[in-house]
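Participant: Just need the whole structure built from these sequences, with the hints factored in.
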Amino acid sequence: MKPRHKSVETRYMEERQAFFDDLKKLDRRSFLKVSAAALGITAANGLVAPTSFQPVKLAYGATPEGGEKSFRFAYISDSHLYEKDVNDRFARSLMRAVDDVNRLEPQPDFVFYGGDLAQLGQAAELELGAQILKNLKVPLKIMVGEHDWYLDMGEKWQALFGKPTESWDHKGVHFVKLLSVIEEDFWTARGMKPMERMQTVAGLDNGVQKPFTVGPDQRAWLKKDLEKLADDAPVVVFSHSPLYKIYKNWNFWTDDADEVQAILKRFKNVTVIHGHTHQMLTNRIGNIHFHGLLATAWPWPYAPEGMPELTVQMTRPDPFNPQDGCGDGEVCVYSDGMVDKIHNFWNRNPVTVTRAYMSSRGRQSGPAKPNRPAY
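Our numbering numbers the first residue of the sequence shown as 1 and each following residue consecutively.
None of these hints come from the bench; they were simulated from the model.
We put the beta carbon where it would ideally sit given N, CA and C, even for glycine.
There's no promise every hint is true.
Calculated lysine-lysine pairs in the BS3-like style (CA-CA distance at most 25 Å, straight line) [unchecked claim]:
#1 Lys245 to Lys84
#2 Lys224 to Lys141
#3 Lys228 to Lys141
Each pair of labels, with its calculated beta carbon distance range [unchecked claim]:
#4 Phe186 to Val138: 36 to 42 Å
#5 Arg372 to Lys248: 41 to 47 Å
#6 Arg266 to Pro301: 20 to 26 Å
#7 Ser335 to Lys193: 49 to 55 Å
#8 Pro139 to Lys369: 33 to 39 Å
#9 Ala230 to Ala159: 33 to 39 Å
#10 Glu309 to Gln107: 33 to 39 Å
#11 Pro194 to Asp232: 42 to 48 Å
#12 Val138 to Gly203: 41 to 47 Å
#13 Gly191 to Asn87: 26 to 32 Å
#14 Arg190 to Pro319: 34 to 40 Å
Facilitator: The following block contains the structure:
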């Protein structure tokens, strides 16, 4: 009598359990083996389409627009990890992003993670993310997102990653990291338990939560931190929510963004890089240039009220391909603080939003327009 073949579902569950068993004992030596196996398992089960990813080679030195390319860093953002018993696809996607960064040649100076490592801020979710990210070959700078924060008000995240607000200097550029997802207390009066608070904030469009803010304490800190800098100092600011107002119903919005912009206004060039929106997103307000990040978990549609005029919308993702419209990327920083922003889509060719495009207000070097309009 012939042995019965295991069903697809049984084989997938066994492979899934083996994947998480391997993650428990993961180190850098075994990371490439595990990540390659993860991608293979996912593809075999119809969750990933073959990639057309073409790596971008960056040349350094003088550029036609003037200025010096100083250095580059990579980015990963918005992985929204669940506990292993709920969802493993997002963990595989984060491993794919780490693998992308580790294969870059030459290696970037550091990696910036744009927030929302976890989905519900649970310790197991954050620990899983930290375990995967530790396999990066270069230093990590990580931002906190609202999904990381509102279960325990950031206690676990800070235990793993340190302060959510900081600044540092790197090769002549001043970097600032702001916690931009502070909300006014809406939960105490309603008697919400921690998970109810977390799920409310994660809902975005429920009409119960308050808008995101940077808050008066951080604004005062930012003003003092920047006092020592000359007006022509290059400044790059990291936040999770965009430091301008796009669409309040989804909390694609920072309520005190105008006040933060007023602090940054005196500088000749400021670049703000944010997560949260899961999409190619570009804006310019005065001399402040804003760039959104792709997510590794899922893409997000564009706001129905319209987008900033400099945004070249990414082609509408294929709803039958969970990783279409997802990816990671690189940022090439110039000596004046402006950047070339490279979006490395996993299933498409990369798209670059150049310094020239931003400085000319969209008149020069514009990226290709989408061949399938966004929703």
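Participant: Next, verify each hint and record whether it holds.
Facilitator: Structure-based check of each hint:
no. : hint                         : verdict
1   : Lys245 to Lys84              : violated, 35 Å
2   : Lys224 to Lys141             : holds, 22 Å
3   : Lys228 to Lys141             : holds, 23 Å
4   : Phe186 to Val138: 36 to 42 Å : holds, 39 Å
5   : Arg372 to Lys248: 41 to 47 Å : violated, 28 Å
6   : Arg266 to Pro301: 20 to 26 Å : violated, 36 Å
7   : Ser335 to Lys193: 49 to 55 Å : holds, 50 Å
8   : Pro139 to Lys369: 33 to 39 Å : holds, 36 Å
9   : Ala230 to Ala159: 33 to 39 Å : holds, 37 Å
10  : Glu309 to Gln107: 33 to 39 Å : holds, 35 Å
11  : Pro194 to Asp232: 42 to 48 Å : holds, 46 Å
12  : Val138 to Gly203: 41 to 47 Å : violated, 35 Å
13  : Gly191 to Asn87: 26 to 32 Å  : holds, 30 Å
14  : Arg190 to Pro319: 34 to 40 Å : holds, 35 Å
Figure legend: structure checked against the earlier numbered hints; hints not met, in rising order: 1, 5, 6 and 12.
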